[in-house]
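A.B. asks: Chain residues, written in single-letter form:
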Amino acid sequence: MSGYWSGIITLLSINVVFAYGIYLAVATGQLNLGGAGFQALGAYAAAWLCAEQGWPIWATLGASAVVAGGIGFAFAFPILRLKGVYLVLGTFAFAEVVAGVIINSDALGGAMGLPVPEYIDWHVPAIAAVGVALFCFYLMSTRLGLAVRAVHDDDVVCDLLGVDVRLVRVALFALGAALAGFAGGLYAHAYTYVEVQTFNASLSIYVLLYVLLGGAQTAWGPLAGAAFFTLLPELLRNTLPALKSSLYGLFGADGSMSPPDESWRFVALGVVTVLMMVFRSEGLITRTMVERISHPFRSTKSEAL
Amino acid sequence: MTGPLLSVENLSISFGGLKVIDGVSFDLEEGGRLALIGPNGAGKTTIFNLLSGVYRQDTGHIRLGGEVIDDVPSRKRIGYGMARSFQNIRLMPHLSVVENVMMGQHARPDRPGRLLAPLSIFGRSRARAEAEALLAEMGVEVAPGQDVSTLPYGIRKKIELVRALAARPRLLLLDEPAAGLNETETGELMAFLDRISDSGVTLLVVEHDMGLVRSLCDRAVVLNFGQKIYDGSTADVQKDPLVLEAYLGPRHAEDSAKEAENVA
Numbered sequence: 000m001s002g003y004w005s006g007i008i009t010l011l012s013i014n015v016v017f018a019y020g021i022y023l024a025v026a027t028g029q030l031n032l033g034g035a036g037f038q039a040l041g042a043y044a045a046a047w048l049c050a051e052q053g054w055p056i057w058a059t060l061g062a063s064a065v066v067a068g069g070i071g072f073a074f075a076f077p078i079l080r081l082k083g084v085y086l087v088l089g090t091f092a093f094a095e096v097v098a099g100v101i102i103n104s105d106a107l108g109g110a111m112g113l114p115v116p117e118y119i120d121w122h123v124p125a126i127a128a129v130g131v132a133l134f135c136f137y138l139m140s141t142r143l144g145l146a147v148r149a150v151h152d153d154d155v156v157c158d159l160l161g162v163d164v165r166l167v168r169v170a171l172f173a174l175g176a177a178l179a180g181f182a183g184g185l186y187a188h189a190y191t192y193v194e195v196q197t198f199n200a201s202l203s204i205y206v207l208l209y210v211l212l213g214g215a216q217t218a219w220g221p222l223a224g225a226a227f228f229t230l231l232p233e234l235l236r237n238t239l240p241a242l243k244s245s246l247y248g249l250f251g252a253d254g255s256m257s258p259p260d261e262s263w264r265f266v267a268l269g270v271v272t273v274l275m276m277v278f279r280s281e282g283l284i285t286r287t288m289v290e291r292i293s294h295p296f297r298s299t300k301s302e303a304l
Numbered sequence: 000m001t002g003p004l005l006s007v008e009n010l011s012i013s014f015g016g017l018k019v020i021d022g023v024s025f026d027l028e029e030g031g032r033l034a035l036i037g038p039n040g041a042g043k044t045t046i047f048n049l050l051s052g053v054y055r056q057d058t059g060h061i062r063l064g065g066e067v068i069d070d071v072p073s074r075k076r077i078g079y080g081m082a083r084s085f086q087n088i089r090l091m092p093h094l095s096v097v098e099n100v101m102m103g104q105h106a107r108p109d110r111p112g113r114l115l116a117p118l119s120i121f122g123r124s125r126a127r128a129e130a131e132a133l134l135a136e137m138g139v140e141v142a143p144g145q146d147v148s149t150l151p152y153g154i155r156k157k158i159e160l161v162r163a164l165a166a167r168p169r170l171l172l173l174d175e176p177a178a179g180l181n182e183t184e185t186g187e188l189m190a191f192l193d194r195i196s197d198s199g200v201t202l203l204v205v206e207h208d209m210g211l212v213r214s215l216c217d218r219a220v221v222l223n224f225g226q227k228i229y230d231g232s233t234a235d236v237q238k239d240p241l242v243l244e245a246y247l248g249p250r251h252a253e254d255s256a257k258e259a260e261n262v263a
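So the protein sequences, as listed, match chains A and B. Each residue of the first sequence is one higher than the last, beginning at 0 in numbering that gives the first Met the number 0. Each residue of the second sequence is one higher than the last, beginning at 0 in numbering that gives the first Met the number 0.
Extracted from the complex, chain A is given alone in its bound form (with noise of 0.2 Å):
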């Protein structure tokens, strides 16, 4: 396999681990807007066990989910009782408490960041986004995650029919925070530096707009959304030129052209989110959608009425 498709595998994996991670506590209404934070957590973790303890990376991936939830389940427990834009801001708080301890940190190398003397190729992310992906459409399938989809919805009715409201969301949102740091520890191997300006604040806004965009009604949304916003840039690197010297040649310019510059593909990006929001703000991948395509000759419209 060449180098770009491996990169591109690697990248696609642990998007897909970090996306879960933020949809299991999306799924149960709270929107998580820590996630760079989480996953800094589980890279840190990994990269100093690495680097200074000499652990196997299995024991340092196995950390670094462990760390990161455990902090987010103390974390959840003040934080969960925020609600809406208030819980959005306390979460992105969070990550910048998180970023700005670890660059105060000598032990953490501060700004310099940690190098990872172990590395991992495509195959580990590869086998863990599988993984990872199973384990929440399970979750998802049983009574827990019928709770978890009705907590979302009304927390009110939830709670006079026996749910515990509160265990369902501080559980979820703690195992959400295991596998953006799980998704870190996987980082850190898999490029073997890290540096904590790459867990900033856009990194917390894309990986919740993966999990928005794709659905968070349903365990297929966030694959559906990390795997579209991992690849489109993709594409776009090589769409986006080709669509330049066109539009060029429509005026009669030719010959050879600088390439659009990196940041158009962002520009696009934006474009993609704007006309979801507008068109369907529900996310690309719905209940109803998966209903139907599950069973294909059962109406879901009502036909006795």
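Just so you know, the hints here were simulated from the structure itself, not pulled from any lab data. The beta-carbon is built from N, C-alpha and C at its ideal position, and this holds for glycine as well. One or more of the hints may lead you astray.
Claimed, not checked - Facing chain A, a subset of chain B residues (Cβ under 10 Å, in silico):
| id | residue |
| --- | --- |
| 1 | Ser-51 |
| 2 | Val-53 |
| 3 | Asp-70 |
| 4 | Arg-74 |
| 5 | Arg-89 |
| 6 | Met-102 |
| 7 | Leu-114 |
What the hints assert, rightly or not - Computed list of chain B residues with no C-beta within reach of chain A, every gap over 12 Å:
| id | residue |
| --- | --- |
| 8 | Phe-85 |
| 9 | Leu-94 |
| 10 | Glu-98 |
| 11 | His-105 |
| 12 | Pro-111 |
| 13 | Gly-112 |
| 14 | Asp-146 |
| 15 | Glu-159 |
| 16 | Arg-169 |
| 17 | Met-189 |
| 18 | Ser-198 |
| 19 | Arg-213 |
| 20 | Asp-217 |
| 21 | Asp-239 |
With the hints as your guide, set chain B onto chain A.
C.D. replies: Chain B in isolation, oriented as in the chain A frame:
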């Protein structure tokens, strides 16, 4: 079990100095059908919120099946056999019809499907089959996989009731079940509630429609400004001077009472 299924004793609650419920007491026998009526702001919905544990009363006690449930949190009260419907339908909009009903099973001790066991493998499971059977039994004829948000109001109302029934309650609290329904739908709902009651479920109903109250319930408790002003048969409620005064004001109440006498 001896004694009433539900016993409310000297219940009071104030919000910011305003006494919304003031020393209300009533009993409800197992299998009974009691209507809770009163003018707007009388405290009917507040009583429901006290019973289901959304609010905690300042004084008084609530007994369900002989047990004092004052300190039982709202989440655990369904385990004592109490389920409710809401004034405005509150189904989970992103869950399908059958998934909404399956949520009603959640608190049952004999619940089909453990918390971490897959609930549906290719759409089949005991929990789902049971929920679909209950929907069919109660005559809700919609595709179980359908989105609830696209269904007509009357059908969503029924689905909400089926969800409450899926908990196998002994006591069902109904907050204005006929609100927003047309005549046909109200008729269907009445038949629906009759069947629920005939199956042994005790009904406590808040309702404005007096016709519905009389045909569904044999007994009514009337509240006004948080106080109980009447407790008796639904047949006589409109002759009671205090009730007339609460609904019509003192002058009109006198006129109506005279009219009633003249007619008699």
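A.B. asks: Each hint needs a verdict: does it hold in this structure or not?
C.D. replies: Here is what the structure says about each hint:
Using the Cβ-Cβ criterion of 10 Å, the hint placing Ser-51 of chain B at the interface with chain A is satisfied: the shortest such distance is roughly 6 Å. Satisfaction of the interface hint for Val-53 of chain B is found here, the shortest Cβ-Cβ separation to chain A being roughly 8 Å, below the 10 Å cut-off. This hint is violated: Asp-70 of chain B has a C-beta 16 Å from the nearest C-beta of chain A, more than the 10 Å allowed. With a least beta-carbon distance of about 5 Å to chain A, the hint placing Arg-74 of chain B at the interface is held under the 10 Å criterion.
Because the beta carbon of Arg-89 of chain B sits about 5 Å from the nearest beta carbon in chain A, less than 10 Å, this interface hint is met. Hint status for Met-102 of chain B relative to chain A: holds, with the closest Cβ pair at about 5 Å, below 10 Å. Hint status for Leu-114 of chain B: holds, given a least beta-carbon distance of 5 Å to chain A, under 10 Å. In this structure Phe-85 of chain B is not separated from chain A by more than 12 Å, as the shortest Cβ-Cβ distance comes to only about 7 Å.
Against chain A, the non-interface label of Leu-94 of chain B is violated: not every CB pair exceeds 12 Å, the least being about 6 Å. The Cβ of Glu-98 of chain B does not lie farther than 12 Å from every Cβ of chain A; its closest approach is about 6 Å, which violates its non-interface assignment. Not every beta carbon of chain A lies more than 12 Å from that of His-105 of chain B, the smallest distance being close to 5 Å; the non-interface claim is violated. The Cβ of Pro-111 of chain B does not lie farther than 12 Å from every Cβ of chain A; its closest approach is about 9 Å, which violates its non-interface assignment.
At the 12 Å boundary, the C-beta of Gly-112 of chain B falls inside the reach of chain A, the nearest C-beta of that chain being 5 Å off. Look at Asp-146 of chain B: its CB is around 5 Å from the nearest CB on chain A, not clear of 12 Å, so calling it non-interface is violated. Distance check on Glu-159 of chain B: its Cβ comes as close as 9 Å (rounded) to a Cβ of chain A, failing to clear the 12 Å threshold; non-interface status is violated. Every C-beta of chain A lies more than 12 Å from that of Arg-169 of chain B, the closest at about 15 Å, which supports listing it as non-interface.
The non-interface label for Met-189 of chain B is consistent with chain A: the shortest C-beta to C-beta separation is roughly 19 Å, beyond 12 Å. A cut-off of 12 Å between C-beta atoms confirms that Ser-198 of chain B is not in contact with chain A; the least separation is 20 Å. The claim that Arg-213 of chain B is not at the interface with chain A holds, since no C-beta of that chain comes within 12 Å of its own (minimum 29 Å). Interface exclusion of Asp-217 of chain B from chain A stands, the closest Cβ pair being 27 Å apart, more than 12 Å.
No Cβ of chain A comes within 12 Å of the Cβ of Asp-239 of chain B; the nearest lies about 33 Å off, and the non-interface call holds.
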